[in-house]
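Colleague: Sequences listed follow chains A and B, in order.
Going letter by letter, the first sequence gives residues 1 to 215 in my numbering.
Going letter by letter, the second sequence gives residues 216 to 430 in my numbering.
Quick look at which bits of chain B chain A covers, simulated, 3 or more residues with Cβ under 8 angstroms:
#, stretch
1, 408-416
2, 419-430
Some residues of chain B that are not near chain A, with every Cβ distance over 10 angstroms (derived):
#, residue
3, Pro-219
4, Arg-232
5, Ala-233
6, His-241
7, Ala-246
8, Gly-271
9, Asn-272
10, Val-328
11, Asn-329
12, Asp-330
13, Gly-368
14, Val-378
Calculated pairs, DSS-like style, for lysine-lysine (alpha carbon to alpha carbon, straight line, at most 27 angstroms):
#, chain 1, residue 1, chain 2, residue 2
15, B, Lys-425, A, Lys-213
16, A, Lys-109, B, Lys-324
17, B, Lys-425, B, Lys-339
Since the hints were made in silico from the structure, they are not lab data.
Note that the structure is predicted; figures quoted are calculated from it, not measured.
From the three backbone atoms N, C-alpha and C, an ideal C-beta is built for every residue, glycine too.
There are 2 protein chains.
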Amino acid sequence: MTQPPTERTRVKRLNKRAHYDEATIHPILDAQPMCTVGYVFNGTPYVTPTLQWREGNHIYWHGSAASRMLEAAEDTEVCVNVTLFDGMVMARSGFNHSCNYRSVMAFGKAFKVNDRDEKEMRLKNFMEHLYPGRWDTLRKMSDKELKATTMLGLELNEVSAKVRNGPPGDDEEDYALPLWAGVIPMVTTMLAPVDDPRLIKGHTPPAHVKNFKIG
Amino acid sequence: MTQPPTERTRVKRLNKRAHYDEATIHPILDAQPMCTVGYVFNGTPYVTPTLQWREGNHIYWHGSAASRMLEAAEDTEVCVNVTLFDGMVMARSGFNHSCNYRSVMAFGKAFKVNDRDEKEMRLKNFMEHLYPGRWDTLRKMSDKELKATTMLGLELNEVSAKVRNGPPGDDEEDYALPLWAGVIPMVTTMLAPVDDPRLIKGHTPPAHVKNFKIG
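Produce the entire structure from the sequences given, and follow the hints as far as they go.
Modeller: Here it is, written out as structure tokens:
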């Protein structure tokens with residue numbers, strides 16, 4: 001489904017990089033849990049990094065019930081940004097240097113997930129999205145923990161993606177200049193998992209650790 | 216120098232993770248050009264990803280003079296966030312799962328760099344921070360390009376860092392549970408540089424391409 005851009009989501013600059021379709025937006029949200037949540041508190045802007053996950057046409061994020069961000073963002077307008085930084089673009093002039101990226105901006109009023117069981121189910125969905133099969137191996141969540149967890153959600157009704165990829169775009173006359181130009185592609189790499197120092201001997205990282213990736 | 220936290224920068228949650236000293240803050244800003252700039256426009260929050268660089272006690276970012284973000288953020292309160300995502304922290308309960316990160320939040324009123332020569336000098340500083348030695352090999356910036364570039368700056372007077380590293384922190388009784396726990400460390404890796412398809416034969420990536428890194 002493609003949503004028509006609104007005044008907020010319409011990409012103003014370089015609109016050839018703009019996308020408003022789920023086929024572009026959802027994979028970006030699914031590939032990068034790290035996001036920043038922007039909200040207004042006491043009249044000034046705050047940007048807080050946290051992890052998000054998507055379920056259908058919603059994204060969710062959560063944290064401590066004592067969090068300023070979660071308290072302030074509930075029932076108010078937020079802007080959530082998710083960015084995958086894909087590379088450095090090196091041109092023949094300073095002006096045409098750039099970077100490659102995939103980025104999503106989602107606007108709307110955040111809502112709080114209040115129901116205990118819904119909260120638990122969505123946390124399970126988050127965990128299973130990151131690490132399939134892990135949830136059932138864990139110690140169960142307590143009511144106290146669920147109570148101490150605030151979860152916010154946002155319907156994806158006002159969303160845009162902006163994507164840049166490919167080589168530099170130089171001025172025509174600059175292509176003759178004698179210097180290297182191109183792209184340094186960038187990926188997020190997982191290093192070998194590090195056992196918890198208190199790990200019980202004999203436990204090795206399961207498949208969902210080896211398979212974990214971002215991007 | 217360490218700044219006393221203000222009402223905005225005081226880390227409310229998990230203040231053992233909070234830092235207010237330049238020795239912690241500056242290396243994070245220097246290690247990650249990607250940032251998000253939060254600002255308020257027409258009463259609602261916007262979060263825009265862009266690249267930042269630090270010079271002394273200021274950070275700067277720039278873009279097209281037609282950018283909504285640069286237009287809206289000038290002379291108003293902004294919040295700039297820089298985050299390095301360092302790993303996934305896998306515990307023995309869902310509640311104690313976390314991630315490792317280094318994050319900086321900077322608050323204040325953004326100012327515009329208006330002077331032509333100052334703008335050019337700071338763009339050179341940005342380029343030289345990323346790619347030492349590159350600036351002088353490039354086609355020079357034109358007055359038209361400098362005019363089309365809006366540059367904003369922020370003094371680092373109200374800044375905090377929040378850092379998490381190390382293994383999971385599980386509840387004491389959970390350490391006996393029979394499952395793997397630990398950390399998946401995460402780094403940003405540069406792949407082999409990709410030549411521009413229109414590269415003049417014989418030019419190979421210079422040292423500043425091979426040495427480029429993030430983190």
